[in-house]
Amino acid sequence: MIAILGLVVGAVVAIVLRPTVPQEMTRYAAMAVVAAIDAGLGGVRSYAEQTFSDRIFVVAFVTNAAAAAGLVWIGDQLSVDLVTAVVVVFGVRIFQNVAAIRRRVFGG
Amino acid sequence: MPARSPLSLVGLAALLGFLLVTTASSAKAHRLAEAPRQAELIELIGDRRSAVADLDEAVAQLRDEVAKGKVAISRSSAADEREAEEQAQLAKLAGTVALTGRGVVVQLSHSDRTPTSSADAGAYRINDADLQLVVNALLAAGADAVAINDSRLVSTTAIRAAGAHIVVNFRPLVPPFRVAAIGADRRAFESSAIAADFKRWSGMFGLGYTVSTSSEVTVPAYAGRVTIANAEPR
Numbered sequence: 000m001i002a003i004l005g006l007v008v009g010a011v012v013a014i015v016l017r018p019t020v021p022q023e024m025t026r027y028a029a030m031a032v033v034a035a036i037d038a039g040l041g042g043v044r045s046y047a048e049q050t051f052s053d054r055i056f057v058v059a060f061v062t063n064a065a066a067a068a069g070l071v072w073i074g075d076q077l078s079v080d081l082v083t084a085v086v087v088v089f090g091v092r093i094f095q096n097v098a099a100i101r102r103r104v105f106g107g
Numbered sequence: 000m001p002a003r004s005p006l007s008l009v010g011l012a013a014l015l016g017f018l019l020v021t022t023a024s025s026a027k028a029h030r031l032a033e034a035p036r037q038a039e040l041i042e043l044i045g046d047r048r049s050a051v052a053d054l055d056e057a058v059a060q061l062r063d064e065v066a067k068g069k070v071a072i073s074r075s076s077a078a079d080e081r082e083a084e085e086q087a088q089l090a091k092l093a094g095t096v097a098l099t100g101r102g103v104v105v106q107l108s109h110s111d112r113t114p115t116s117s118a119d120a121g122a123y124r125i126n127d128a129d130l131q132l133v134v135n136a137l138l139a140a141g142a143d144a145v146a147i148n149d150s151r152l153v154s155t156t157a158i159r160a161a162g163a164h165i166v167v168n169f170r171p172l173v174p175p176f177r178v179a180a181i182g183a184d185r186r187a188f189e190s191s192a193i194a195a196d197f198k199r200w201s202g203m204f205g206l207g208y209t210v211s212t213s214s215e216v217t218v219p220a221y222a223g224r225v226t227i228a229n230a231e232p233r
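In the order they appear, the protein sequences are chains Y and E.
Numbering that gives the first Met the number 0 puts the first sequence at residues 0 to 107.
Numbering that gives the first Met the number 0 puts the second sequence at residues 0 to 233.
Incorrect hints may appear among the rest.
[What the hints assert, rightly or not] DEER-style ranges, computed between Cβ atoms:
#1 24/Y x 52/E: 39 to 47 Å
#2 118/E x 91/Y: 25 to 33 Å
#3 30/E x 77/Y: 24 to 32 Å
#4 163/E x 95/Y: 38 to 46 Å
#5 163/E x 94/Y: 32 to 40 Å
#6 121/E x 54/Y: 57 to 65 Å
Calculated directly from the structure, the hints in this document are not laboratory data.
Note that the coordinates shown come from a computational prediction; the quantities given were computed from them, not determined experimentally.
Every residue, glycine too, gets a C-beta built ideally from N, C-alpha and C.
Okay, chain E solo, but in the shape it has when bound (with noise of 0.2 Å):
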C-alpha cells in the first residue's frame, strides 16, 4: 500500500510541517512584539502619575504662599484684615489648607484568603461603597475633615470604582485603605452599622478592619480645583 502515494503523503507531511512551524514560530513573534509596548504603557502611567503628584505639591506650595500674601496685605488696613480671616475661614471648611488634630483613624484591607467562589469575591474585598459608608459614619460622627490615604476629601470628592480599584479624587488608592478622621468621635463611630458590620466581617471573611484614636491626626490640604465653574449663589 505505501508504494502507491508515497509521493502526495510526503508532500502534505511537508506542508502539515511546515505549516505548524510557521505559525508556531509567527505567533510567537507577535507575542514578543507585543511585551515591550505593554512596558511603554506601564511606564508611561508611572511617569504621568509622579507628573500629577509633582503638580500636587506645587498647588499646595502656592496656595500657602498665596494664603501668606494675604496675611501680609492685611496688615494694611482693618477691612483687609477681616477679608483675610474670612478667607482663611472658608479654606479652612474648603479644605485646602492641612488640618491637625484630635482624631479617629479606621484602617481597612483586602482579605487575604481566598474566595470559596468567585460569586462572592466582592465579599473579601475592600468596595467603593464600604469606603463611602464608613466615610459617612465618621462625619456623622463628627469629623471636620477627612483623609483616605492622604486624599483629603471635600464637597465634590467622589469615592468610587474603577474596575477593581477604588478612585478618590480621580486617583487610585493603593490598599490598605487609611481614613483619618479629625474631630470624629470614636465611640459615636463605632456604635454606627457600617462599623458593626465591619466587625463581623473581619472575623466572616479576614478583611483587615482596625479602628484607632490619636491625639494628632494629620490631613493634608486637598489639591484640586475648588472653585466653583456653572453654579452661582442665588
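If we strip away everything but chain Y, and leave its shape as in the complex, we get (with noise of 0.2 Å):
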C-alpha cells in the first residue's frame, strides 16, 4: 500500500541523514512517536472501516503527538512521571486498533 511506502521512504531519508534528537529531548520525542503510532494505526483502522477522513488523520496525528510531548513536558516540569501515563492510554488504545484491523481483515 502507498502508506507503507511512504513510511519505508521516510525510515530511509532518516537513515541517511543521520539526524539525532538532543539528550533531553528524547523522552518527548519517543512518547511523539507513540502517539504518532496510535495515530497511523487508527488511520489505518478508519480506512478499513471506510470511514477514512484526510483532515480528521492529519489533525489527529499531530495533536496525539503533541498532546503526548506536551504532557511529558508538563509532567518534568511537575516532577510526575507522566510518560506512565501516555504509554498506558497510547498502549491500550494501539492494541484496540490492531485488534480492530484484524477483525477487518480475518473477519470475526
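Dock the two chains into a complex; use the hints.
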C-alpha cells in the first residue's frame, strides 16, 4: 500500500540523514512517536472501516503527538512521571486499533 | 477512497517512519555514550582502592619502623625503657600492631538460595547487624583482638551497611566474611544467642556459617588513624 511506501521512504531518509535528537528531548520524541503510531494505526483502522477522512487523520496525528510530548513535558515540570500515563493510554489504544484492523482483515 | 488522500497519508507515514528511526537511533547513541563513562568510573574506583591499600601498607610499615626506633632509643636509659614498654603495651591495646595467637575463626557467607519473595531477601544475606552481633559475642567470649577480612577492629571501628555492602573501617568488605578473634573461647561463643541463631539460619536459609579453632590466628595491625582529635582526658 501507498502508506507503507511512505513509511519506508521516511525511514530511509532518516537513515541517510542521521539526525540526532538532543538527549533531554528523547523522552518527548519517544512519546510523540508512540502517539503517532497510535494515530497511524487509527488511520488504517478507519480506512478499513471506510470512514477515513484525511483531515481528521492529519489533525489526530499532529495533536496526539503534540499532546503526548506536552503531557510529558508538563509532568517533568511538576516532577510527576506522566510518561507512564502516555504509554498506558496509547499502548491500550494501539492494541485496540490493531484488534479492530485484525477483525476487519480476518473477520470475526 | 485511497485516491482522496494519498498525499497526506504518504506524507504522514513518511514523517512517522522518520521519527521512529530518528528517536530509536538517538536513544541508542545516548546509551552508547553512557557506557564508556561507567567503565571509566569503575576503573577510577579500582585505582583509588589500590592506592588506599598501598597507603595502608605504608602506614603499617612506618609504624613498625617507629616502634623499632623507639626500642633502639630506649636502651639509653631506664626511664626511656619504661616509656617504650608502656607505649608497646598501649599499641597492643589500641590495635596498631599485628597480633597472633590461639583463637576462633567464624566464617559467614550469603546464601546461594534464591529468596522466595523480595520481602524476606534480607534473611538470605549477611547483614551489618549480624556481623556486629557475632563480633560482640566473640568479645564477650574473651577475644583480645578481632579482625574481619583482615580489617582490624579498634575502639572507633564502625560496622555498618552502605547499600548492599558492609563497610568496616570505611572499606567495603568482599564476602565471605571471616571474623578472626584471638583469645576467644569457642564454647563460650557457641553458647551465645547469635551462634544459636546462625546454626538455625544456616539450615533455614542456607547462610554459610562455620566456626573453627586455630592455634595460630593472625590479626593484622589497624592502619587507620588512632589519634584522638577532640576528646581530652580529665
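Legend entry - Pairwise beta carbon distance, residue 24/Y to residue 52/E, judged against the given window 39 to 47 Å: holds (44 Å)
Legend entry - Satisfaction of the hinted span 57 to 65 Å by the C-beta atoms belonging to residue 121/E and residue 54/Y: Given range 57 to 65 Å: holds, Cβ gap about 60 Å.
Inset, instruction - Please test the hint of 24 to 32 Å on the beta carbon pair from residue 30/E and residue 77/Y. - result: Given about 27 Å between the Cβ atoms, the range holds.
Inset, instruction - With 32 to 40 Å as the target window, see if residue 163/E and residue 94/Y comply at their CB atoms. - result: Check passed, 38 Å falls within 32 to 40 Å.
Legend entry - Distance restraint hint 38 to 46 Å, applied to the beta-carbon atoms of residue 163/E and residue 95/Y: holds (42 Å)
Inset, instruction - Can you let me know if the beta-carbon spacing of residue 118/E and residue 91/Y is within 25 to 33 Å? - result: Given about 31 Å between the Cβ atoms, the range holds.
Consistency note: the structure conflicts with none of the earlier hints.
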